[in-house]
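Residues per chain, in single letters:
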Amino acid sequence: MSDAIPTIAEAARQIAAKQLSPVELTRACLARVHALDGELHAFVHLSEERALADARAAERAIMAGGPSGPLHGIPIGLKDIVDTKGIPTTCGSKFLQDNIPDTDAACAEKLAAAGTVLMGKLTTHEFADGGPSFDLPAPPARNPWNTEHFTAGSSSGTGAAVAAGLILGGIGTDTGGSIRGPAALCGIAGIKPTYGLVSRAGVAPAAYSLDHIGPMAWTAEDCALMLQALAGHDPRDPASASRPLLDYTGLLGRGIKGLRIGVIHHFHEVDHKVSEGTQRGITAALATFRDLGTELREVQLSPLQDWAACGSLISITERAAAYEEWSRTRLGDFSEPMRSRLMLGALVSGVDYVQAVRRRRELRAELQAAMTGLDVVLTATQPWEAAKIDEVPKWDLFDKPGFMMPFNVAGYPAISVCAGFGAGGLPVAIQLAGKPFQEPTLFCVADAFEKATPFRSQRPALVAARAAA
Amino acid sequence: MASDINDQALDYLLARAGLNLTAEQKAELKTVHAGLAAMAERVRKPRGRMAEPAHGYGFAEEDLA
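Protein sequences appear in the order of chains A and B. Residue 248 in the numbering used here sits at position 248 of the first sequence, with consecutive numbering throughout. Residue 1 in the numbering used here sits at position 1 of the second sequence, with consecutive numbering throughout.
Everything labelled a hint here was simulated from the structure, so no lab data went into it. Honestly, I wouldn't trust all of these hints.
Stated by the list, open to error - No farther apart than 20 Å at their CA atoms in a straight line, the calculated lysine to aspartate or glutamate pairs in the EDC-like style are these:
no., chain 1, residue 1, chain 2, residue 2
1, B, 45, A, 366
2, A, 400, B, 41
3, A, 394, A, 366
4, B, 26, A, 324
5, A, 85, A, 48
6, A, 273, A, 396
7, A, 394, B, 52
8, B, 30, A, 336
9, B, 26, A, 237
10, A, 394, A, 333
11, A, 85, A, 237
Please read all numbers here as calculations on a predicted model, not as lab measurements.
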């Protein structure tokens with residue numbers, strides 16, 4: 001096989017045509033893991049034997065009857081807060097170093113049923129919060145575009161592993177941007193689906209009412225293929241939505257002429273002004289969307305700070321509740337960033353929390369009204385290119401409101417896609433958000449953008465350099 | 001960020017939360033109290049007593065239109 005890293009869609013076509021063997025594909029990914037992960041630290045547990053066994057089983061089944069679907073034989077990884085039967089699930093924490101679940105999380109179960117090859121468990125910030133941490137049993141993941149830089153988190157290992165081609169797709173989780181943030185800084189695609197679309201069963205909580213599970217991959221199309229396998233009602237998750245499944249790739253390639261995109265300029269130009277490189281990426285993206293025939297409209301919402309305050313208060317309080325027992329008895333065993341976040345819970349009153357939840361209803365109604373007559377809205381994903389890993393500010397949530405939290409607060413689906421490269425050649429991104437359960441439209445717009453721009457043809461230089469070594 | 005919480009109030013809140021912090025951790029927490037207080041102020045709006053919280057919602061048809 002060629003040294004080029006295929007997308008899931010490309011690999012699926014080649015596997016179906018019997019031009020690519022799942023075993024060869026898996027071996028190529030494993031070779032990249034061995035060549036690169038000493039620098040990237042994307043994996044906390046590499047399940048090499050399981051991967052090869054899955055790949056051989058997929059190959060036998062495909063040779064006998066063809067692939068069961070587009071994920072059959074595709075190497076994937078799971079963030080290490082996703083329970084995996086018989087495989088360590090540490091949540092990046094000292095508390096769970098010996099934890100080996102006896103069941104799979106719903107998302108792991110679904111991806112296995114789709115015939116994927118499980119490569120292993122991927123680095124996460126401790127219990128999907130804070131970070132980067134340098135006092136955990138495993139080191140933080142590094143950005144493949146420049147290993148001195150941060151991946152963002154908390155799905156840090158998934159972002160790094162997908163960008164470097166260690167896996168073709170992976171699972172992330174997103175409470176205030178933990179899928180979209182690393183997707184943006186690692187130059188890949190990542191979607192936080194509508195709240196309730198993907199079951200949270202068997203995944204460690206960060207903040208119950210803001211937590212989402214979703215796919216991260218090189219392209220929006222690949223995310224759509226993964227979401228097809230992941231979506232669906234699950235009675236084990238009390239927030240699981242009971243809705244008919246849609247065809248998530250059904251609108252791809254149909255063009256986006258006539259679609260209406262709302263641009264929330266004030267989020268990234270006034271409320272939290274983005275870097276020059278990010279602004280260039282956004283401006284160029286808007287020009288691309290105009291060229292593709294979409295109609296751009298200005299959207300005005302409450303200040304980003306309002307969304308951030310609402311989401312942060314809910315997140316801080318729900319996390320403090322989830323981990324209260326260990327906070328009270330073993331606070332010193334948490335990593336320094338996680339401990340600091342947990343301490344904040346003491347300063348938020350019950351009334352503060354309920355006021356935040358009341359504000360949440362108002363903000364969601366505001367977004368719903370603003371999206372009337374629109375198909376998607378657009379803003380930044382991250383304010384700037386990836387910072388150096390030892391220069392990540394700790395308390396920026398108070399004065400640098402994030403662009404992703406609004407869609408966790410609202411529960412609306414949102415995807416990050418690469419929009420070019422900024423300072424230091426590091427990726428920049430745009431974020432597109434759609435209406436609840438309208439992921440097919442979101443994928444259609446994101447896919448059209450990716451196909452109209454050259455950014456999917458460039459992988460981190462490190463990948464080629466290590467392959468040649 | 002300037003602190004606007006005194007030691008006695010902080011100790012009360014920490015005791016209520018069951019957290020046992022070092023002096024250094026308490027000092028750090030004091031530095032972010034003003035930021036959290038500002039967030040708490042932002043979510044308070046004149047909305048009246050009938051305004052419901054968000055949790056327990058279901059998407060209505062208008063969300064999907």
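Taking the hints in turn, this is what the structure says about them:
A distance of roughly 14 Å separates the Cα atoms of residue 45 (chain B) and residue 366 (chain A); the hinted pair therefore holds under the 20 Å criterion. Simply put, residue 400 (chain A) and residue 41 (chain B) have alpha-carbon atoms about 17 Å apart, close enough for the 20 Å limit, and the pair holds. A C-alpha spacing of about 30 Å is found between residue 394 (chain A) and residue 366 (chain A), which places the hinted pair above 20 Å, so the restraint is violated. For the given pair, residue 26 (chain B) sits about 18 Å from residue 324 (chain A) by alpha-carbon distance, which is consistent with the 20 Å threshold.
Proximity of residue 85 (chain A) to residue 48 (chain A) is assessed by CA-CA distance (about 15 Å); at most 20 Å being required, the pair is judged to hold. About 14 Å separates the Cα atoms of residue 273 (chain A) and residue 396 (chain A), which keeps this hinted pair within 20 Å; it holds. A C-alpha spacing of about 34 Å is found between residue 394 (chain A) and residue 52 (chain B), which places the hinted pair above 20 Å, so the restraint is violated. In summary, the hint linking residue 30 (chain B) to residue 336 (chain A) is supported, as the alpha carbons are separated by about 16 Å, within the 20 Å threshold.
At most 20 Å may separate the alpha-carbon atoms for a hinted pair to count; residue 26 (chain B) and residue 237 (chain A) exceed this at roughly 37 Å. With a C-alpha separation of about 19 Å, the suggested pair residue 394 (chain A) and residue 333 (chain A) falls inside the 20 Å cut-off, and the hint holds. Distance hint between residue 85 (chain A) and residue 237 (chain A) is fulfilled; the C-alpha atoms sit about 18 Å from each other, no more than 20 Å.
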